[in-house]
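Please build the complete structure, drawing on both the sequences and the hints.
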Amino acid sequence: MAVPVRISVQAEDFDLATELSGFGHAANTGATVTFTGLVRDDTGALQHMEIEHYPGMCEDAIRKIADEAANRWALTDCLVIHRFGRLVPGEQIMMVATAARHRSEAFAAAEFLMDYLKSRAPFWKKEVTREGAEWVAAKDSDEDALSRW
Amino acid sequence: MTLNLLYFAWVRERIGEPRETVETSAETVMDLVAELKAREPRYELAFSDLASLRVALDQELAEFDAPLAGVREVAFFPPMTGG
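Read top to bottom, the protein sequences are chains A and B.
Using full-length UniProt numbering, read the first sequence as starting at 1 and increasing by one per residue.
Using full-length UniProt numbering, read the second sequence as starting at 1 and increasing by one per residue.
The hints are simulated quantities; they were obtained by calculation from the structure and are not laboratory data.
One or more hints might be untrue.
Below, in silico cross-link-like pairs of lysine-lysine (DSS-like), each with a Cα-Cα straight-line distance of 30 Å or less [said to hold, decoys possible]:
#1 A:K139 <-> A:K126
#2 A:K139 <-> B:K37
#3 A:K139 <-> A:K64
#4 A:K126 <-> A:K64
#5 B:K37 <-> A:K64
In structure tokens form, the structure reads like this:
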């Protein structure tokens, strides 16, 4: 049975309650997991973050990752939303939601999605502070995280 | 052949534009990079460290020794930082 995978790459903010209102309603769903990523400001200096993306490739890359997660953990529902553009500290950047028969599958699929979105979805973050702007560098640990799957 | 080139993040900033069209007979991505580097210093700067660059051919991640035959769009960018 085809798994409903919904993907949205958007500039607009999203409302968690609205997005989840029809989520995971298949009768064989026993667990849903949601994760939301926020713009973090560790030092109090961050003015905003610019998220650049590669339109087209973004949606395709996310769909491939989500389809793999859906097949591997027999998900009954799957949702990925990722924003781009200018975001201030505290704003929502992205969310993933997974639904499965049991919680272990829902949690694993959500972690897998997050690990792969970090280094395989074509987004680039730039942090803007009063001192200037700097592209966020990818971490070796992000790449290492993929090896556990 | 005609190729559409796309640049993202600091690659775009170093080259100074997000996209351009080039006529080339380069056989691989590496050949194309060598051609671009020979053009102007801003390309030399953008492509100075290939280890810190990624390439996508028609929106699929690829290696720098990949052939360009049949390809229409080549994108260069730093490692991705999504999530």
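Taking the hints in turn, this is what the structure says about them:
Distance restraint check for K139 (chain A) and K126 (chain A): the Cα-Cα separation of roughly 14 Å lies within the 30 Å cut-off, and the hinted pair is therefore satisfied. For the proposed pair K139 (chain A) and K37 (chain B), the alpha carbon gap of about 27 Å is at most 30 Å, so the pair holds. This hinted pair checks out: K139 (chain A) and K64 (chain A) have alpha carbons roughly 22 Å apart, not beyond 30 Å. At most 30 Å may separate the alpha-carbon atoms for a hinted pair to count; K126 (chain A) and K64 (chain A) meet this at roughly 25 Å.
With a CA separation close to 33 Å, the supplied pair K37 (chain B) and K64 (chain A) exceeds the 30 Å bound.
When the structure is compared with the earlier hints, a violation turns up for hint 5 alone.
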